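Following the hints, complete the assembly by docking chain B onto the known chain A.
The listed protein sequences correspond, in order, to chains A and B.
The working numbering puts the first residue of the first sequence at 1, with every later residue one more than the last.
The working numbering puts the first residue of the second sequence at 363, with every later residue one more than the last.
One thing to keep in mind: the hints can contain errors.
So the derived label-pair ranges between C-beta atoms look like this [stated by the list, open to error]:
| hint | chain 1 | residue 1 | chain 2 | residue 2 | range |
| --- | --- | --- | --- | --- | --- |
| 1 | A | 258 | B | 619 | 53 to 59 Å |
| 2 | B | 477 | A | 258 | 33 to 39 Å |
| 3 | A | 265 | B | 614 | 56 to 62 Å |
| 4 | B | 632 | A | 179 | 23 to 29 Å |
| 5 | B | 573 | A | 220 | 51 to 57 Å |
These are computed hints drawn from the structure, not numbers from a lab.
Just so it is clear, the structure is predicted and the values come from calculations on it, not from any experiment.
Every residue, glycine too, gets a C-beta built ideally from N, C-alpha and C.
Below, each chain spelled out in residue letters.
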Amino acid sequence: MRDKGSVSAAQFFCVLFVSRIIALFTFIITDAAAYPAGDRGIVFLPFILAGVLCAVPVLLVLGRKEDRTLFTLTERLSPAVTKGAALIYTAGAVWSAAVSAVRFELFMSTVMYTEAFLTPLIALMLGAAVLIAARGLEPMGRMSVGVLALIAVSLAYVGATTAGEFELANLEPPLQSGVGTLLKEAFFAVARTSELATMLILAPRIHGSVKKGYLLWLALFGLTISAVFTVILGVTGAYGERQMFQLYSLTVLSRIGVIERLDSLICAIWVLCSLTRLAFHLYVGALYLEKCAPVKPGAKAYILLSLPVFGLYLLFSGKIVRFADVLRSGANEAVFSVLLIGIPLAVWAAEKIKYRKRRAAA
Amino acid sequence: MKRKAVCMILALTALLTALSGCGPQSVELSDRLIVEAIGIDKTDAGVLVTLQALDTHAAGAGSDPNEQGQVTRLYRFSGESVGQALSGVRAATGLTPLYSQARVLLFGRSLAEAGLAEALDFFLRVCNARSDILIAMAESAAEDPVAADFGATVPGAVIMEDVLNGSLRDGMGAAVKLYDFMNLTYTGTDTAFCPVIGIREQALEDAQKPVLQGTAFFENGRLAFTAGEDLTRGMLFLKDRVETGAIRAAGENGTYTMRIISSETKISPTLYENGRANARIRVKTVCDITEFTPKDDACRLGEAEAADAAAAGKAWLEALLNDTLSVLFYEKHADICRLARLVNLKYPRLAAAYAERMFEATDITAEVEFTVRRTGKEGI
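With the rest of the complex left out, here is chain B:
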C-alpha cells in the first residue's frame, strides 16, 4: 500500500511537469512570424526571398491597420539558396517563421527560366510548410505582387489566393498546388504548369490588383513557354478541371452567354500494333443560358433557341479543344492530357517506346456532348 502511494506521488509529480506549457523552447503566437505569401526571385548572388507576413499587432487591432495602412509587413532576405536566405529570418525579425499559414508561393520569371527544383525543394522539406500551397509564376519579379498594395485591409496574399482559386472556378486560370506541380515535374513525361500572375493599376483607385496572365509550362523544372487565356481554358477542359465559368457562342438565332453547370472529361487511349495511338477525348458539358441576344428582336427563348445554343456551344468548345491540342500538344509538345501516363497504365510494355515519339504518333479525336439544361430563370 505504501509502495503504491509512493508510485502514485511520483507519477503525479511527473504529470505536473508534463502539464507545464511555458518554457524557453515553446513558441508563443506573438513570437511567430506568420507568413502569408512568399516570393522567390533569382539574383546574381543566388535568390531573393520576399515574405509577406501578418503584422500581428495591426491585425489584432481589428480595423486599425498599421501606419502604412496595411495588416502585413514585408521582409526581404537574400542568400545563395532559399534555405540559406530564410535562415536569417529569426535573426532579422526576432520571430520564428511559420510557413504553414502561407497562402501563395510565387516565383519570378528569371528563376523559372533558370530552374525551380532547388528553390521549391525547401518548401517540400521544411516541416512547417504546406505541400498544398498554391503556386504561380509572377509576370516578371515575384517580389512585385508580394509587395503590391492592393488597397485592402486584408493581406494581399488573401486577394491573390482568391484570384488563383477563383480562376479555376471561372475556368480561366490553371490554379495548381505545390505537390501537384512537383508530381508533374517528377514523372518525366508530364508537362508541369502553373498560372502566371501579374499586377495592374486599378483604374479609379490608388491601388493595384492582381490579374492572371495565362499559364506557364515547364520542362524538366524550367520554364518552356507561356500560353494565353484561351489555351488555358482549353487545357482546363481537357484536364477535366473546369468547375464553372461562362461561355459566349454565336448561333443561328443569336448570341448566347451560357454558365457552365458541370463539365466532365474522359480520355481513353488505344495503342495499335504499328505504334500509333488514338486518344479519344470525350467532354460532356452542361450549361444554363444566362444571356441571349437574338438576331431579330422578336425572337423568344424557346426550345429551338436552346437547341441552337447547344449546337453553338458544341461548335465553340470543339474549336477550342482542337486549337488547344493543335498548339499545346502538337506544336509545343506538352502532354497536357497525360497520355504517356495513361498509355503506360494500359500498355506498360509498349509505353517507353511510345513516349519517345508520342507527339508524332498520336491521333486525338475530341468529342463534345453539349447540353443546355435550362434557359435562365424561365426554363423550357
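One chain only, chain A, in its complex shape:
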C-alpha cells in the first residue's frame, strides 16, 4: 500500500484543481477596469504563459530530478534560513486558508443564508478540514478526483441547460484595454493560485512528472476559466457583470423542463471544494510548521494552524468592505510573489553562489 503522505501526479493536480476552482466559483470582481469582460474569453493564453514564467523559480529549486524541496536548499545555506522560510510559508498557508474561509462565508451569506451567523458553520468546516488534513495527502487526492468529477458534471449541466440563452451580442470584444491589461489579468489569475507554492515542499511526494502535470494543469485550468467566463458573459451579459458571484447567477438560470433551481445542489459541490482547499492548506501548512517549530507538533499541527486561520477569518468575517479593500490592495498578489517567486529565486541563487564559492575555495 502506498504511503498516505505521497500521491500520484494526477491526484496531486486534481487536489490543486479542486482547491483552485472554488476561487473561480466565488470570484468577485473588485476592480472591473482590471478585468475587462472581453479579455476573459482569451485569458487562458496569457494565463498559461504567466503560469509557466511564475513557475520557473519553483522548477529551478526542484531541479531536474524533481526530488528536492525548497528546504533541501535552505538547509545547505543555514538552519536559520530554513526556519525563517518555513515560518513565512506557514504564514502564507494560514493566510490562504483564512481568505478561503472568508470568501466562502461571504458567498454563503450572500446567496444562500442571507445575513445568517455562519461562524459555527465555518468552525465546523475547519474542524472537518483538520480531520481530512490529518488523513494525509493520498486520501485527499482520492477525494479530489471524486469532487472533480462532480464539478465537471455540474459545469456541463449548467453549460448545456443555459446554452439556449447564449447570445453572441452579449459578448465583448477582447483587448479593448490593450495587451498590458490582459497580461495583468493573467498574472492576477495565476496569483490567486497560491497552491502552486506547495510544489516546493510536496514535489518529492508526487509520483510522476511534476513539470508535465503542471503544464497540463495550467492548460486545463486556463481553458476552464475562459470557457466559464465566456458562457457567463454570453448568457447573462451586462446583467452578470453586475452580479457579485457571476457563476452562481448563471447556475440559478439553469433548468431542464420542470427540474430547475439546482443551484443548491451545485453549491453543495462548492462546499466540498472549499473543504478540500482548507484541508490542503492546513496539510501543507503543517509540513512547513514542522520545519520551523522547535518541537515536532505531529498531528496537533493541524489544530494549531486552524486557530490562526479561524482568528484571521473572524477579523474579516462580516466586514465585506474591509475584505474587498484587502483583495483590492494586491495582498494576494504580494503573498504569491513572495512565496512563489521571491523566496525560491533568492534561495536558489544564494545556494548557487555558496556552492560556487565552496568549489572555488576547494
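Structure of chain B alone, referenced to chain A:
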C-alpha cells in the same frame, strides 16, 4: 485508545446538534408566505406592492378553495421603495415571504414611465428572489391583473405565466425574463422591452382573463413607447425568438393558414470606411399548411399550391419585417436587432462612433427563405 474514544464521543455529540432541524431560526413551510405574483405601482408617496400569495390552507385542501373561491390571498404594502414596502410583510402577515416561487413580476404603466431601475433592483439583490422571473408591464395599474379574478382554482399567476410563455410559443408576445430585461437596460445601446398585459371580461363567464396588448419599449429604464401585435411579431422574427405560431397569407391560388415549424434568424453587419453599415438579416422559416381556402372550389392542395403558399408566406414575412424595421428601427430608434452590440464585437474601434449615428447610417436588407415542408396530413 481512551483518547480516541473521548474524541469519538465528542464528535458524535457535535453531530447530534447538527442533525436537529427544528429551532427558532428555521422556517417551516407553513410559516412561509409563498408569493405567486408581484405587482408594483407608483404612488404619490412611493410605491404600492401587491402580492398574490398562495393560501397554503386552501391550496392544501385540494379542490376546496377558500371562502372567496380562490387558492390565493392578496396583500398590499406601501412604502417609499419596494424594499421598504416589503419589509412590513412579516409584521402584517406573520409569515416570512418567499419570492423564489413567484411566477410573474408586473409593474404599472406609471412606474414604467417614471423609471424601473430602483423598483427592480430589489428583486436582483434579495437572495430568495429569482432573476429568471417573467416580467411584464400592466396596461394600467399592476394591481389590477394581480388582483383579478380569473375564475379558476389555480393561482392567477399561473394563468398569467401561461399567457406570457404561450405568447412566445405563438409568436405573438415578447416574453422576457428579469435578468434579460436588465441586461438590455444595462448595455446602453440596446432597447429593453417586455410584454404589456391587460385584463378583459370573459364573455360568458363571471370572470376575467389576461390578454396581451403588444410590447413596451424602454430607454434608460423608462417607458419610451408601446407597439402592437404585428410589430411585436416582426420583432420576434428579427430577434430569432419565434418558436411556433400561425401565419395567414393570401396567394394566387387561395389563402393559406400555415403553422410555423421552425424559424431561424441570422444578422451579419458590415461597417464600411465611410461610416455606413449594412446589416444583412436572413430569416429561414419552415411551415406546414394547416388550412387552405382555394379561390376556385376545384383547386386541390398539390405541389403548385405548396409553391404558391411559400411565395405568399415569403411576401407576407418580408412585408412584416420591413414594416417592423421601418417603425421600430428607423422611426422609433429602437435597436431591436442589437446591431450596435454586433458591430462592437466585429469592429470594436469604430463601434462608439457608429452607435452615435446608427439609425441614420444603417441600411438593412431583410432576406426571407420560406419553405413549406408539408401540406397538412396529406403531404405532397
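Run through the hints listed earlier and report the numbers of any the structure violates, in increasing order. 1
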